[in-house]
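Undergrad: Sequence:
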Amino acid sequence: MRIRQCGWIRRWAMENHMERLRREALEKGFVEVMSNCRLTICSILICLCFGAKISEDQIKNIESVLKEVMLMTAPNIPDFFPILTPIFTRQLRAAKDLRKQQMDCLVPLIQARKAFLEDSSGGGGDIEMASPVGAAYVDSLLALKPPGREGDCLGEEELVTLCSEVISAGTDTSATTLEWALLHLVQEQEIQEKLYKEIVGRAGRNGPITEEDVENMAYLGAVVKETFRRHPPSHFLLSHAVTEETELGGYTIPADANVEFYTAWVTEDPALWKGPDEFRPDRFLDGDGVDADVTGAKGVRMLPFGAGRRICPGMTLGTLHVHLMLARMVQAFKWFPVPDDPPDPTETFAFTVVMKNPLKAVIVPRFSCR
3 MRIRQCGWIR
13 RWAMENHMER
23 LRREALEKGF
33 VEVMSNCRLT
43 ICSILICLCF
53 GAKISEDQIK
63 NIESVLKEVM
73 LMTAPNIPDF
83 FPILTPIFTR
93 QLRAAKDLRK
103 QQMDCLVPLI
113 QARKAFLEDS
123 SGGGGDIEMA
133 SPVGAAYVDS
143 LLALKPPGRE
153 GDCLGEEELV
163 TLCSEVISAG
173 TDTSATTLEW
183 ALLHLVQEQE
193 IQEKLYKEIV
203 GRAGRNGPIT
213 EEDVENMAYL
223 GAVVKETFRR
233 HPPSHFLLSH
243 AVTEETELGG
253 YTIPADANVE
263 FYTAWVTEDP
273 ALWKGPDEFR
283 PDRFLDGDGV
293 DADVTGAKGV
303 RMLPFGAGRR
313 ICPGMTLGTL
323 HVHLMLARMV
333 QAFKWFPVPD
343 DPPDPTETFA
353 FTVVMKNPLK
363 AVIVPRFSCR
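Start counting the sequence shown at 3; every next residue gets the next number (my numbering).
Because the hints were derived from the structure by calculation, they are not lab data. One thing to keep in mind: the hints can contain errors.
[Stated by the list, open to error] Below, simulated EDC-like cross-link-like pairs (lysine to aspartate or glutamate); rule was C-alpha separation at most 16 Å, straight line: (1) K336 x E195; (2) K362 x D346; (3) K196 x D284.
Fair warning: this is a prediction, and the values are worked out from it, not measured in the lab.
The task is simple: from the sequences and hints, build the whole structure.
TA: Structure (structure tokens):
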């Protein structure tokens, strides 16, 4: 219910997104998918976290800094051999400098929200506060009284970290999924047209697309699920630790050992999926994927968000953004590869598994395709 109440934020961000795509297509002749999707999703999450509408330049700055923070958190040698930490002083200085940039980006938003909560009639100073009192994520954090703090609230360092996690994780996974989905729609026009017909049948050629609409678009759901299956956001889940000696798959796992789960072991298994290397959304409608789900609750056949108690808490919000944005972009534009520059599906790791060469596509307004 709370997610639906924030629908106005998504509509505002999507209007900006569609206008930006049109403008970029006119200027360049093509659009860069990842950068545009990242900017739009980041703007949604900033507004959800702080209740603030900020300029595109500010959003780009926050998105860039938080991306660097995420990349900085990748495992390094000192994480495994702490005795070598003194050798990596340059990296430590870089991390401290990046933390300062992170604080400089987000503390003003926190302070503006505090001012708004104290006097909503006065707004948030120079920052436009668009969400009512109690509607922003940081509102609940500011009201939180951690046990053992003797009444103290969370400090700015903690607030910045908690909000950064929401923005970074939500931006990366959703934008990555959209890029991979559009890659396949660009390469396989018949799938794109089948999806377009479903969207038009539900929302019309130019009508708004709501949360309820996408919940009732079966083929859209199948396209997104197949994207998650073929391109899970990461090849490995977050590390798990064994608390006591355990038997797993015929192996003895000693206590305190780290266990890494390789997601492709499941999604590329021909015993579980017919033609696992093919992109076939229909498998989730009447094929071998009918009973599969992204949570692992009905059996572990795909793990884009993990499973069990440690499943990604932002799964529902993230998948909603992917469904809404993909539906809106296909409703408005027909997507083609750039002439003489076919898309390259080579993967690379940038916190999530992304296209090594970001997807570029030619977009044509649907009304001019008739």
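Undergrad: Determine for every hint whether it applies to the structure shown.
TA: Consistency of the hints with the structure:
1. K336 x E195: 9 Å, holds
2. K362 x D346: Answer holds: K362 to D346 is near 10 Å, not above 16 Å.
3. K196 x D284: 11 Å, holds
Hint check: no violations occur; every hint is consistent with the structure.
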